[in-house]
Amino acid sequence: MTTHVTVAPERFTLVAYDADQIAEIVRELAAQLGLSNPMAVEVDEKTPLSKMSAVVDGTSSDDTITLRLQSGALEDTKHLTNFSEDHARRSLGRVMLRARDRLRPDFADAPDDLALTNAQNAAWDAYCAGRLERLGLNPVQQRYRYDFRNRFGFSDEIDTVFDQLWAADDLGWHDLPTLP
Amino acid sequence: MRQFFPVEDLARDDRFVQTNMAERMADTRTAVDLKKTAKSRGASNRLTPDRHDASDAARSLMHGIMVGEIQALEGAGRTAHDFDAGDGSEGTIPFELKLDMARQAWDEARHVEISAKLSDWMGTEIGQFQENTVLFEAACSNDPVLRLAGVNRALEGLAIDVFTQMKEFGQLAGDPFLEFCEDWMLADEVTHVKMGSDWLRRVTENDPDRRAKALEFQQVVDKLFSFGGARGESEESPIGLARRFRELAGFTDDEVDTIAGMDHDALEERKAAVRLAQETAGV
Chain X
1 MTTHVTVAPE RFTLVAYDAD QIAEIVRELA AQLGLSNPMA VEVDEKTPLS
51 KMSAVVDGTS SDDTITLRLQ SGALEDTKHL TNFSEDHARR SLGRVMLRAR
101 DRLRPDFADA PDDLALTNAQ NAAWDAYCAG RLERLGLNPV QQRYRYDFRN
151 RFGFSDEIDT VFDQLWAADD LGWHDLPTLP
Chain E
1 MRQFFPVEDL ARDDRFVQTN MAERMADTRT AVDLKKTAKS RGASNRLTPD
51 RHDASDAARS LMHGIMVGEI QALEGAGRTA HDFDAGDGSE GTIPFELKLD
101 MARQAWDEAR HVEISAKLSD WMGTEIGQFQ ENTVLFEAAC SNDPVLRLAG
151 VNRALEGLAI DVFTQMKEFG QLAGDPFLEF CEDWMLADEV THVKMGSDWL
201 RRVTENDPDR RAKALEFQQV VDKLFSFGGA RGESEESPIG LARRFRELAG
251 FTDDEVDTIA GMDHDALEER KAAVRLAQET AGV
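As given, the protein sequences belong to chains X and E, one line each in that order.
Here the first sequence is numbered in my numbering, starting from 1 and rising by one per residue.
Here the second sequence is numbered in my numbering, starting from 1 and rising by one per residue.
By construction, these hints were calculated from the structure, which means they are not laboratory data.
Every residue, glycine too, gets a C-beta built ideally from N, C-alpha and C.
A couple of the hints might just be wrong.
Okay, the calculated beta carbon distance ranges per label pair [as the list claims (entries may be wrong)]:
#, chain 1, residue 1, chain 2, residue 2, range
1, E, GLU23, X, LEU114, 45 to 51 angstroms
2, E, ARG15, X, THR13, 47 to 53 angstroms
3, E, GLU268, X, THR13, 56 to 62 angstroms
4, X, ALA115, E, ASP9, 47 to 53 angstroms
5, E, GLU268, X, THR66, 33 to 39 angstroms
6, E, THR252, X, GLU10, 53 to 59 angstroms
7, X, VAL55, E, VAL283, 33 to 39 angstroms
8, E, GLN171, X, ASP159, 17 to 23 angstroms
9, X, ALA115, E, LYS213, 16 to 22 angstroms
10, X, THR13, E, GLN171, 48 to 54 angstroms
Taking the hints into account, I'd like the entire structure generated from these sequences.
As structure tokens, then:
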């Protein structure tokens, strides 16, 4: 079944992005991740930052998932204001994995994306990026390791926690590491 | 060997994509809150680890530092080579100034290596971000005194601000390598600015017009290097102005105040331009 996807804005003016291309990538990722929920993608083209969030209306497969991304999350960093398909796949894949996690009962306690602490974000991102690597989307592990160290500390013990997180496939919200 | 090298001919492999200030400023998106004025209070844009996008912003800045170091190496190397040894007049430079430029090139080469390794440590690939060639453009003047003003005082002055910010970032985040490396490079940059300040004064000792022209050129370059207010004393600017280290490097309080004023103007001009562009685009 093809996932219903809408993208806003339908036409971009500050960046050279194509709404149909974004929708197609979301549909492909949804198929890869086993997500059949309707998806509403909202891109804020006024900012070059790259914050993302997912809002899930409920836990059934009929509930709409809203993905909100700042334009930097989809951008080609070698050619600013241009679209990067690889970057978009990795960003959208990560935020869609979060949305899929939120459909699980053991993620019911997770705060809204925009209410997460920096440490919670880094831990969940590492968990998502590890799974993206196994899906063949090639996230740069060192990038996520550095983010994780920035939030949890620069030590061998923290690196071990990161490695476990990166290799994990079936965690609940309370399995993610927290700051002491 | 060829002298006076244009920016278009800089040697780069295919990992690098270059851009310039005109292209950079044509991007009408902004991370700054356009409703805020310079006097209003609110969330800071300073590049500190508590920003939600701290690692991404630090990676981008570190890549900018690395390509900046490459261009500073090229600039100092060109100045050592492009001018004959002499008394400083008629397109010559004192031999001791050539030696200082050679020493600076050696320092910059080491900084390139350090920055490349730091980028790797932070999860960045070389060439991942575009390279703004504005730094080398400040090193293309036919007058060596203008190069001292543009490169040693404006560019290396910017490096002092950036390294101070990154050193604090490393300190706050607990990143031992980042803090240590930035501290060492910062010490070199203070020396480079001091060399520029001293040589500019000595070479133009009996030529006040030439000195005035050089300082005027420095102001133009300083405003460019504010990158639309990305560097400045306002909390809206990600990179602060490192007053103490600039003082150590030979900047007077008045000079730093002037730079702070230009940074402020650049930020407000950038915000006005972006606001207009976004209103015109209807977003």
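Looking at the structure, which of the earlier hints fail to hold?
1, 2, 3, 7, 9 and 10
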